[in-house]
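Chains H and S supply the protein sequences, listed in that same order. Note that our numbering has the first sequence beginning at 4, numbered continuously upward. Note that our numbering has the second sequence beginning at 14, numbered continuously upward.
Keep in mind the hints are simulated off the structure, nothing from the lab. Wrong hints could be hidden among the right ones.
EDC-like cross-link-like pairs, simulated, lysine to aspartate or glutamate; straight-line CA separation at most 20 Å [claimed, not checked]: (1) S:K296 x H:D283; (2) S:K78 x H:D283; (3) S:K220 x S:D145.
Label pairs and their calculated CB-CB ranges [as the list claims (entries may be wrong)]: (4) S:G81 x H:G73: 12 to 20 Å; (5) S:I173 x H:E342: 38 to 46 Å; (6) S:D380 x H:G115: 53 to 61 Å; (7) S:N279 x H:K217: 24 to 32 Å; (8) H:N158 x S:N61: 53 to 61 Å; (9) S:S237 x H:E342: 57 to 65 Å; (10) H:T284 x S:D145: 19 to 27 Å; (11) H:E253 x S:P281: 55 to 63 Å.
Source: prediction; values computed, not measured. Where is the CB? At the ideal position from N, CA and C, for every residue including glycine.
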Amino acid sequence: MGKEIVAMILAGGRGTRLKALTASVAKPAVHFGGKYRIIDFPLSNCANSGIDVVGVLTQYESVLLGTYVGAGTKWGLDGKQSTAAVLPARERGGVGATWYAGTADAIYQNIGFLDEHSPEYVLILSGDHIYKMDYDKMLEAHKQKGADCTIAVLNVSLKEASRFGIMNTNPDGTVYEFDEKPEKPKSTLASMGIYIYTYQELRKYLIEDAKDEKSAHDFGMNIIPNMLADNKKLYAYEFDGYWKDVGTVESLWEANMDLLEDRELDLYNIKKDWKIYTEDTLAQPQYVGEDAQISNSIINQGCMIEGTVTGSILFGGVSVGKGAIVEDSVLMPGVLVEEGSVIRKAIIDEGVVITENSKINEDAGEVVLVSNNEG
Amino acid sequence: MAKVIGIVNLHTTTSFDGLTERRPSASVSFLGRYALIDFVLSNMSNSNIDSVGVLIQEKPRSLFKHLGGGDSWNFNSKAGGISFLYNEKYANNKKYNHDLNNLEENIHIIESVNAKYVVIAPAHILTTMNYDDMITAHEKTGARITVAYQHINNGGETFIGAQTLKVEDGIIKSFAANKGVNNECDVSLETYVINKDALCDIIRDAKKASSFFKLKDALAYYASEKKINAYEYRGYARYVDSLENYYKVSLEFLNLDISSAVFKSNWPIYTLTNDTPPAKYLKDASVKKSFIANGALINGTVENSIIGRDVEIGTGAIVKNSIIFTGAKIAEGAVVVNTIMDKRSQVKIQKDLIGDPQTPLYVKEGDVV
Numbered sequence: 004m005g006k007e008i009v010a011m012i013l014a015g016g017r018g019t020r021l022k023a024l025t026a027s028v029a030k031p032a033v034h035f036g037g038k039y040r041i042i043d044f045p046l047s048n049c050a051n052s053g054i055d056v057v058g059v060l061t062q063y064e065s066v067l068l069g070t071y072v073g074a075g076t077k078w079g080l081d082g083k084q085s086t087a088a089v090l091p092a093r094e095r096g097g098v099g100a101t102w103y104a105g106t107a108d109a110i111y112q113n114i115g116f117l118d119e120h121s122p123e124y125v126l127i128l129s130g131d132h133i134y135k136m137d138y139d140k141m142l143e144a145h146k147q148k149g150a151d152c153t154i155a156v157l158n159v160s161l162k163e164a165s166r167f168g169i170m171n172t173n174p175d176g177t178v179y180e181f182d183e184k185p186e187k188p189k190s191t192l193a194s195m196g197i198y199i200y201t202y203q204e205l206r207k208y209l210i211e212d213a214k215d216e217k218s219a220h221d222f223g224m225n226i227i228p229n230m231l232a233d234n235k236k237l238y239a240y241e242f243d244g245y246w247k248d249v250g251t252v253e254s255l256w257e258a259n260m261d262l263l264e265d266r267e268l269d270l271y272n273i274k275k276d277w278k279i280y281t282e283d284t285l286a287q288p289q290y291v292g293e294d295a296q297i298s299n300s301i302i303n304q305g306c307m308i309e310g311t312v313t314g315s316i317l318f319g320g321v322s323v324g325k326g327a328i329v330e331d332s333v334l335m336p337g338v339l340v341e342e343g344s345v346i347r348k349a350i351i352d353e354g355v356v357i358t359e360n361s362k363i364n365e366d367a368g369e370v371v372l373v374s375n376n377e378g
Numbered sequence: 014m015a016k017v018i019g020i021v022n023l024h025t026t027t028s029f030d031g032l033t034e035r036r037p038s039a040s041v042s043f044l045g046r047y048a049l050i051d052f053v054l055s056n057m058s059n060s061n062i063d064s065v066g067v068l069i070q071e072k073p074r075s076l077f078k079h080l081g082g083g084d085s086w087n088f089n090s091k092a093g094g095i096s097f098l099y100n101e102k103y104a105n106n107k108k109y110n111h112d113l114n115n116l117e118e119n120i121h122i123i124e125s126v127n128a129k130y131v132v133i134a135p136a137h138i139l140t141t142m143n144y145d146d147m148i149t150a151h152e153k154t155g156a157r158i159t160v161a162y163q164h165i166n167n168g169g170e171t172f173i174g175a176q177t178l179k180v181e182d183g184i185i186k187s188f189a190a191n192k193g194v195n196n197e198c199d200v201s202l203e204t205y206v207i208n209k210d211a212l213c214d215i216i217r218d219a220k221k222a223s224s225f226f227k228l229k230d231a232l233a234y235y236a237s238e239k240k241i242n243a244y245e246y247r248g249y250a251r252y253v254d255s256l257e258n259y260y261k262v263s264l265e266f267l268n269l270d271i272s273s274a275v276f277k278s279n280w281p282i283y284t285l286t287n288d289t290p291p292a293k294y295l296k297d298a299s300v301k302k303s304f305i306a307n308g309a310l311i312n313g314t315v316e317n318s319i320i321g322r323d324v325e326i327g328t329g330a331i332v333k334n335s336i337i338f339t340g341a342k343i344a345e346g347a348v349v350v351n352t353i354m355d356k357r358s359q360v361k362i363q364k365d366l367i368g369d370p371q372t373p374l375y376v377k378e379g380d381v382v
């Protein structure tokens with residue numbers, strides 16, 4: 004028997020605007036929130052939504068992501084009936100070696116994987132978005148409407164709408180037009196890059212699209228317009244909650260700061276129903292020294308704090324020396340802040356050593372990124 | 014290295030009062046993140062032992078939950094694994110419910126693995142011992158039994174009630190009990206390397222002397238006639254046999270000289286993962302000299318304390334010299350000093366909990382005060 008739904012997570016992108024942070028890892032593997040990698044969010048959402056076959060499509064720096072996803076154990080996706088499969092762009096029989104040319108092409112190249120599970124529905128996700136969402140509710144809506152494609156949308160402000168792919172809808176929720184980054188938006192329903200397709204419909208469109216040499220092989224630019232042209236039933240599914248696409252160093256910093264200010268993304272699971280699963284690092288509990296001052300901050304196990312930390316996010320193994328001040332900053336795993344240093348409004352990349360009495364962004368201007376890698 | 018079976022011996026008379034009412038001392042939470050048994054299991058894992066049996070004396074529920082299939086300690090290789098050894102027959106018969114009877118009942122664990130040596134170690138004596146080194150020493154002497162010991166100079170205060178031993182030329186002449194009279198003494202760490210066939214002999218023969226003989230009684234009994242080798246261990250070792258000692262040994266970790274002797278980068282202490290988010294310090298938090306586990310939400314003052322997973326400390330609350338277990342909640346403005354709060358307990362109404370500095374106040378699992 005086939006699976007009702009299989010999820011495919013697009014995790015191949017570099018995220019060039021994250022500069023040095025993605026110099027050696029793909030964007031979905033970027034650290035977030037003191038403990039997580041961004042891809043933990045869609046993977047945990049799948050696990051929590053009861054989806055147990057998940058393909059993770061990788062291309063840029065695929066080794067680390069492949070190792071990280073592994074057999075899906077971290078998200079409980081390693082049972083007898085479940086699968087977490089890493090699907091890198093690769094050499095295939097009869098085709099040869101190919102890269103993923105676009106989002107639709109990436110799925111097209113893995114039709115074999117999908118056919119094997121013969122799902123009724125396919126959920127397409129991005130590996131680089133931060134949010135908690137019950138995909139099962141979206142699937143219910145898809146089935147109820149008898150849709151060919153359901154697109155999750157977020158109601159954004161009119162000002163922001165020009166930055167997104169906008170879905171123009173009829174009062175019954177059907178989509179009649181897709182506007183990619185419109186100058187004059189007709190609607191404020193922004194596509195979140197989350198789609199549920201009835202698999203056999205999607206399969207036909209992917210095969211047709213693959214033959215089209217002019218196509219960019221992209222869901223937003225090609226598959227959706229083609230389906231609209233054929234009068235297929237496309238529905239917008241409005242999501243009401245925290246969602247963030249962290250495209251830039253600034254927005255990654257903001258999303259981290261949101262965890263301190265914003266209770267919408269409840270990592271602390273106050274409702275006890277939607278944990279985000281991730282890798283557990285080997286570390287003792289964090290130690291807070293006699294002279295430490297910590298407030299309004301999120302700090303992971305394995306840290307050693309002897310200085311002042313406010314408004315900041317500290318990943319595992321970070322050490323803040325005596326007299327050092329860390330304010331409004333994100334310190335990635337293993338960062339060492341030596342005595343007397345001052346860091347304001349910065350992202351300090353994994354493993355960086357801030358030597359004694361250094362001053363990083365002392366006047367707290369624009370967000371600064373410090374990394375051992377070249378951007 | 015020769016194939017070795019690890020046996021964690023949970024047969025013990027240690028009791029931490031309320032803390033061990035519903036669980037064995039081995040699964041009592043430690044430093045907000047670990048269970049006591051994590052130390053011995055990690056030592057076995059770090060010593061490349063991958064077949065481990067846990068001799069369970071009583072109250073197994075929390076142990077099963079914590080240990081699962083043993084994969085947190087790397088015991089899940091197909092060649093090894095973790096086995097729960099329980100002696101149902103004598104579960105309600107204190108005198109017979111001892112380690113040798115349990116081993117006899119579960120002798121298959123020893124017979125089925127093609128090993129030359131068995132390493133037996135308890136959970137209530139914390140060490141970071143490398144059993145591999147001890148086995149090497151054992152092999153060199155040609156003894157069939159080796160007992161690890163430590164020389165201490167504060168026997169009047171620690172290891173009270175523990176076994177002491179008298180060593181001559183590396184051979185144990187006799188065992189006794191530490192009555193706290195002498196500060197200088199050699200105490201047994203109840204950690205043994207025994208040739209598999211020698212252990213089988215002891216299991217078979219000990220009851221001929223007395224059916225109530227535990228392994229340590231049997232070793233004391235045989236000390237005069239069998240060659241029992243002594244192995245001196247000089248690293249970190251603590252005897253955790255009472256609530257007072259548990260409290261003392263826990264808070265002692267806040268001294269970095271002590272905790273850094275235990276948390277060495279080449280000797281990881283493994284434990285069960287809980288997918289808990291990092292700790293969150295709110296605007297009014299003030300924390301000094303403390304261990305804070307993940308998932309804690311802190312908006313009060315914490316000093317010289319150990320705060321467990323998912324603990325909530327309300328605005329303006331003060332916590333000093335205390336150990337707060339997983340999921341406990343301390344209401345706004347409460348004062349908690351010299352107290353151990355067990356899992357999911359809550360301070361709500363009686364907001365002044367002040368215990369004795371030697372004998373902490375204890376709030377039971379799930380209780381609201």
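Okay, the hints, checked on the actual structure:
no. : hint                        : verdict
1   : S:K296 x H:D283             : violated, 27 Å
2   : S:K78 x H:D283              : holds, 18 Å
3   : S:K220 x S:D145             : violated, 30 Å
4   : S:G81 x H:G73: 12 to 20 Å   : holds, 18 Å
5   : S:I173 x H:E342: 38 to 46 Å : holds, 42 Å
6   : S:D380 x H:G115: 53 to 61 Å : holds, 58 Å
7   : S:N279 x H:K217: 24 to 32 Å : violated, 59 Å
8   : H:N158 x S:N61: 53 to 61 Å  : holds, 57 Å
9   : S:S237 x H:E342: 57 to 65 Å : holds, 59 Å
10  : H:T284 x S:D145: 19 to 27 Å : holds, 25 Å
11  : H:E253 x S:P281: 55 to 63 Å : violated, 37 Å
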